[in-house]
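Bring the two chains, given one by one in their own frames, into a single complex with the hints.
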Amino acid sequence: GQQLNQSPQSMFIQEGEDVSMNCTSSSIFNTWLWYKQDPGEGPVLLIALYKAGELTSNGRLTAQFGITRKDSFLNISASIPSDVGIYFCAGPDYGQNFVFGPGTRLSVLP
Amino acid sequence: ETGVTQSPTHLIKTRGQQVTLRCSSQSGHNTVSWYQQALGQGPQFIFQYYREEENGRGNFPPRFSGLQFPNYSSELNVNALELDDSALYLCASSPNFREQFFGPGTRLTVL
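Keeping their order, the protein sequence lines are chains A and B. If you read the first sequence in my numbering, its first letter stands for residue 1474, the second for the next number, and so on. If you read the second sequence in my numbering, its first letter stands for residue 2, the second for the next number, and so on.
One chain only, chain B, in its complex shape (with noise of 0.2 angstroms):
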């Protein structure tokens, strides 16, 4: 069974450009949720996805906007970037809306 994975692993930016993170969920999983983690930091919930349809959202503006597709792989996209944005990006799944499985991120870093 694969896990979950994301891809690219590093990506470098620079302020005002967009980026999209992509992320696959873990077989038989229909759940997919974003999480923003800053350097010494815990995780904060972006947002969730759940059959290709919003399913809650954090405290991040429009900018940080998002999909999710029929096989249940998921994108992040966030345009006009700041320095603010570079963190590590996190997508979990789940197969029942309790447990969540993370992949092993993504770093990015705007310049």
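So that you can see chain A by itself, here it is in the shape it has in the complex (with noise of 0.2 angstroms):
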């Protein structure tokens, strides 16, 4: 099946600093999923993309469609400390069904 990597596994950010973080695949997507993960709660969706070059925007979240269709990409901007959890990357395997990324490891220091 189609594997996704994400970087960087885990930051350490200032309260205000914005933050980028990226997802790669080794076979093309035509949809991205950006989910955030508190501990002990299931996923939330953040952001979805469907479209190559696409930006969206959710309040301070912002995600990209990588143009090769095989990355994509979340910015958080003015971090704060409601922030703090594991964001996810995910597309579709085969079918509908999704994979997901190892998660990037957020934490804001005040």
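Hints were generated in silico from the structure; no laboratory data involved. The C-beta atom is built at its ideal place from N, Cα and C for all residues, glycine as well. It cannot be assumed that every hint is accurate.
Said to hold, decoys possible - Okay, derived cross-link-like pairs now, SDA-like style, lysine to any residue, Cα gap no bigger than 25 angstroms in a straight line: (1) Lys-1524/A <-> Phe-98/B; (2) Lys-1543/A <-> Ile-1501/A; (3) Lys-14/B <-> Val-1581/A; (4) Lys-1543/A <-> Lys-14/B; (5) Lys-1543/A <-> Phe-102/B; (6) Lys-1543/A <-> Phe-98/B; (7) Lys-1543/A <-> His-11/B; (8) Lys-1543/A <-> Glu-1514/A; (9) Lys-14/B <-> Gly-1513/A.
Claimed, not checked - Take a look, some chain B residues computed to stay more than 10 angstroms from chain A by CB distance: (10) Gln-18; (11) Gln-42; (12) Asn-72; (13) Asn-80; (14) Val-111.
Following this line, the structure appears as structure tokens:
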């Protein structure tokens, strides 16, 4: 099946800083989803992308569907303590079934 | 609008036992997928149900089985539990085969 890689694996930032993370795949995707997961809870959908080059925002979050269709990027501006969590990218494997990346763990220092 | 709900929240079983986990889809969603999430990893796809039929399956053995009911709620059954089955089990419903919306999960511990 398709594999997703996320970088960085983890990051520590100061409150107020901007954050960038990315996700790459071994093959072309036609959909990218970005999720955030808090400890002990299910992932929450942040942004969905459907077209190469698409740039979509959700508040302080902005995600882009890479031109090559093999990557996607998530940016968080002016980070706050509640941004702490694990961010996952996901895309369709076969049919409508989704494969998830290993996640980027974000820690925000006050 | 009620989101995806799962029960129970936590469960402890012993090796060899059987377990049933339950999921209620978000209103208007006719597709349900189940995922297994081990500690420190991303969710791994188990299977998907659409209109009460299995619509895709990941790399999990047959002792993982499921059902979807006419009201689109779903069950995940696991037989002959093994220690490695300890994980967070997530249910996700979808209205359109694109976005998936997750429930809070069931934490299963196998001793």
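Hints and how they fare:
{"no.": "1", "hint": "Lys-1524/A <-> Phe-98/B", "result": "holds, 16 angstroms"}
{"no.": "2", "hint": "Lys-1543/A <-> Ile-1501/A", "result": "holds, 5 angstroms"}
{"no.": "3", "hint": "Lys-14/B <-> Val-1581/A", "result": "violated, 37 angstroms"}
{"no.": "4", "hint": "Lys-1543/A <-> Lys-14/B", "result": "violated, 41 angstroms"}
{"no.": "5", "hint": "Lys-1543/A <-> Phe-102/B", "result": "holds, 23 angstroms"}
{"no.": "6", "hint": "Lys-1543/A <-> Phe-98/B", "result": "holds, 20 angstroms"}
{"no.": "7", "hint": "Lys-1543/A <-> His-11/B", "result": "violated, 37 angstroms"}
{"no.": "8", "hint": "Lys-1543/A <-> Glu-1514/A", "result": "violated, 28 angstroms"}
{"no.": "9", "hint": "Lys-14/B <-> Gly-1513/A", "result": "holds, 19 angstroms"}
{"no.": "10", "hint": "Gln-18", "result": "holds, 23 angstroms"}
{"no.": "11", "hint": "Gln-42", "result": "violated, 6 angstroms"}
{"no.": "12", "hint": "Asn-72", "result": "holds, 21 angstroms"}
{"no.": "13", "hint": "Asn-80", "result": "holds, 22 angstroms"}
{"no.": "14", "hint": "Val-111", "result": "holds, 18 angstroms"}
Violated hints for the displayed structure, listed by number in ascending order: 3, 4, 7, 8, 11.
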